[in-house]
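Enquirer: The residues making up each chain are set out below.
There are 2 protein chains.
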Amino acid sequence: MGLIVQKFGGSSVANAQRVMNVAKIVTDTYKAGNDVVVVVSAQGDTTDDLIAKAKEINPMAPKREMDMLMSAGEQISIALLSMAIEKLGYPAISLLGWQAGFLTNSVYSSARIKKIDTSRIKNELDNKRIVVVAGFQGINKYDDVTTLGRGGSDTSAVAIAASLNADKCQIFTDVDGVYTADPRKVKNAKKLSEITYDEMLELATLGAQVLNNRSVEMAKKYNVELEVISSLNPIPGTMVKETAKMEKMLVRGVTKDADASRISVIGVNDVPGVAFKIFSKLAAKNINVDIILQSVGRDGTKDITFTVGVDNAAEAVKAVESLPFIGDAKVVRDDSVAKISVVGAGMETHPGTASTMFEALYNQDINIQMISTSEIKISILIDEKDADKAVAAVHEAFFGSE
Amino acid sequence: MGLIVQKFGGSSVANAQRVMNVAKIVTDTYKAGNDVVVVVSAQGDTTDDLIAKAKEINPMAPKREMDMLMSAGEQISIALLSMAIEKLGYPAISLLGWQAGFLTNSVYSSARIKKIDTSRIKNELDNKRIVVVAGFQGINKYDDVTTLGRGGSDTSAVAIAASLNADKCQIFTDVDGVYTADPRKVKNAKKLSEITYDEMLELATLGAQVLNNRSVEMAKKYNVELEVISSLNPIPGTMVKETAKMEKMLVRGVTKDADASRISVIGVNDVPGVAFKIFSKLAAKNINVDIILQSVGRDGTKDITFTVGVDNAAEAVKAVESLPFIGDAKVVRDDSVAKISVVGAGMETHPGTASTMFEALYNQDINIQMISTSEIKISILIDEKDADKAVAAVHEAFFGSE
Chain A
6 MGLIVQKFGG SSVANAQRVM NVAKIVTDTY KAGNDVVVVV SAQGDTTDDL IAKAKEINPM
66 APKREMDMLM SAGEQISIAL LSMAIEKLGY PAISLLGWQA GFLTNSVYSS ARIKKIDTSR
126 IKNELDNKRI VVVAGFQGIN KYDDVTTLGR GGSDTSAVAI AASLNADKCQ IFTDVDGVYT
186 ADPRKVKNAK KLSEITYDEM LELATLGAQV LNNRSVEMAK KYNVELEVIS SLNPIPGTMV
246 KETAKMEKML VRGVTKDADA SRISVIGVND VPGVAFKIFS KLAAKNINVD IILQSVGRDG
306 TKDITFTVGV DNAAEAVKAV ESLPFIGDAK VVRDDSVAKI SVVGAGMETH PGTASTMFEA
366 LYNQDINIQM ISTSEIKISI LIDEKDADKA VAAVHEAFFG SE
Chain B
6 MGLIVQKFGG SSVANAQRVM NVAKIVTDTY KAGNDVVVVV SAQGDTTDDL IAKAKEINPM
66 APKREMDMLM SAGEQISIAL LSMAIEKLGY PAISLLGWQA GFLTNSVYSS ARIKKIDTSR
126 IKNELDNKRI VVVAGFQGIN KYDDVTTLGR GGSDTSAVAI AASLNADKCQ IFTDVDGVYT
186 ADPRKVKNAK KLSEITYDEM LELATLGAQV LNNRSVEMAK KYNVELEVIS SLNPIPGTMV
246 KETAKMEKML VRGVTKDADA SRISVIGVND VPGVAFKIFS KLAAKNINVD IILQSVGRDG
306 TKDITFTVGV DNAAEAVKAV ESLPFIGDAK VVRDDSVAKI SVVGAGMETH PGTASTMFEA
366 LYNQDINIQM ISTSEIKISI LIDEKDADKA VAAVHEAFFG SE
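One line per chain: the protein sequences are A and B, in this order. In terms of this note's numbering, the first sequence opens at residue 6 and continues consecutively. In terms of this note's numbering, the second sequence opens at residue 6 and continues consecutively.
For reference, chain A alone in the conformation it holds in the complex (with noise of 0.2 Å):
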């Protein structure tokens, strides 16, 4: 009995019998005697295939008309799991981002939900609807549609849940909660039963690609329970709060991170505010920037090495090419790195964590070209090529071969 927030990607929507199947987890949990709020996104494939028509037309068209186009394809969705519910014998209405009160700024593709107006909501829910919300959506002060960006579904359940202060988000995916690794990488990965929000935030950031962090942020922000739990696989998934049992665990999890590039600037003249300008010019460019290193002056030069996206390294090295006091410095780019990452909030009170982490890299002849910790968790950089074995290998060290 309660107040449920349920969001289904766009794998679990992807066609006639799935939808039937989330409408079957829908009306399953709203017949046990709960309100039920539903976010779900645009089917399988429709976004990337209304992304395709817009480009064969304009490649480089307005945001404001791609979040006109993008905002469709929720539309769709939430319109077939409505009549879904109704098939099943259960009252439902779906709701557009504006509709459903989703007021956003006015950054077109990645809007910031300003505010929910829930009013709509709530009146639904009182006559016993199952609501329907189109996820990734809303409008800005100019009556305009706009979207959330990536895993801006996410997002949009968790303010949802934030807002009617519901009891529970639960998140639905393609897989059945968070592990220790990926488990189709590393065959005695664990799933975890229960994660912290700061946990969850470094794997999101590192590349497990379960949650987006955006919505990690909110839900820590404003305290909303979420479940990472399987649409397919009908077993409790992992929660994800602000306390959670560490089970004897030292780490939550490894992560290998391949979507990076590592751009080193070579002797570039020691002198005070190099490193400061650098990034600062790579900020202004809305490049965020991982792993930074700084090698100590030698002969009145030093050399900085920092990782970046994969996506962003052509214009980052652009960017600092085109810095005046770069000179004769030489800026080198390399693709075949991957970042692998120990996280958990345990490591804080053990510091044999980094040294279990690097002996068990020794072990497999690993060289780490860059090291960057955190309070809750351990980065390398290494070759890509070792990536899977690194994991593998720290992933036993931590949590046993079997």
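There may be inaccurate statements among the hints.
[Claimed, not checked] In silico lysine to aspartate or glutamate, EDC-like type, Cα no more than 16 Å apart, as pairs: (1) K290/A <-> E320/A; (2) K92/B <-> D50/B; (3) K58/B <-> D50/A; (4) K92/A <-> D275/B; (5) K286/A <-> E320/A; (6) K58/A <-> D33/B; (7) K390/A <-> E247/A; (8) K286/B <-> E247/B; (9) K290/B <-> E326/B; (10) K335/B <-> E389/B; (11) K92/B <-> E61/A; (12) K195/A <-> E401/A.
No lab work stands behind these hints, which were simulated from the structure alone.
The hints should help you fit chain B onto chain A, whose structure is shown.
Expert: Below, chain B without anything else, positioned relative to chain A:
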């Protein structure tokens, strides 16, 4: 120089190349110094595809959800057309039905426009933008999306033209105007340069399939000058207006409607009120009856014959058979009939029209089953197998053979 509303149907925007073609027509009109509002339908088969998706999930889907689903089709077209216009270097903005101010009643799937709040459209026109409006859709007083039913985009275009007091409303289609007969069937069919609203209404009803009837009624009511014109072949089309030059033509056109079904009630008691009861029963079922013929009473019984659309025939037979006074009377249905009509305001003052038509059919040995006349049309019912021959013969009688 003026304000022009242009409407493009689904086949005109079916793919990227056609969308660019439409963008060219629109921007040429804009370049000539006009303010332009464009109304578009969903691309090609989009509407049918969406209906198929819905049927797979729930053949009895609530109409509200069908409207939510279907309206996504026009949303995609307006975004793509706006992108295409921007690609050609002109400013465009797409507006959904609700953004364009279309307020309708709440009859989902065949809503009627109650009013258009044109403030947003006017504002965008003042900013010298080409305004691209989603046809076929609006919202009701509950802020729920509605659709206008078959041919709704024509109605949207005429309604905007009326509300904005536009100089012209151009309906672009895949034919280049209104013809005296179907040009695919009758090789010497002639294109009309002008036609009156009333004549167009009769032609539309009779299956000319060029313009939706509601849009012509609305154009007549608000005196909106319509032009039916080809989107692929840029030559002048047919003007539809209050009065039209007669060009020495007695009739405007010859049409065929093979989607009719003839239902005969044979041997019903010849007492007062029988016809009234039959047709009020059919009206209660929302079944439109077209031609009605009643025999003279004989032996205390009479026969009543009428035509309905073939889609409604089964329901009509059931409705009539359910009437208590039908008793032993036989209800017979025949779908193999076709209605041939000639339409023209000129026939009011030319009593020879009917005899010219009947003579043409007699010369071809075609039997007339039923006859119906109005001030500006004559319709006859014949065997469906004779229909094309009949159209050709009647057309030749009025328009000659060359």
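Enquirer: Hints first: check each against the structure and report whether it holds.
Expert: Cross-check of the supplied hints:
no.: 1; hint: K290/A <-> E320/A; verdict: holds, 8 Å
no.: 2; hint: K92/B <-> D50/B; verdict: violated, 25 Å
no.: 3; hint: K58/B <-> D50/A; verdict: holds, 15 Å
no.: 4; hint: K92/A <-> D275/B; verdict: violated, 48 Å
no.: 5; hint: K286/A <-> E320/A; verdict: holds, 11 Å
no.: 6; hint: K58/A <-> D33/B; verdict: violated, 24 Å
no.: 7; hint: K390/A <-> E247/A; verdict: violated, 37 Å
no.: 8; hint: K286/B <-> E247/B; verdict: violated, 36 Å
no.: 9; hint: K290/B <-> E326/B; verdict: holds, 14 Å
no.: 10; hint: K335/B <-> E389/B; verdict: violated, 23 Å
no.: 11; hint: K92/B <-> E61/A; verdict: holds, 11 Å
no.: 12; hint: K195/A <-> E401/A; verdict: holds, 11 Å
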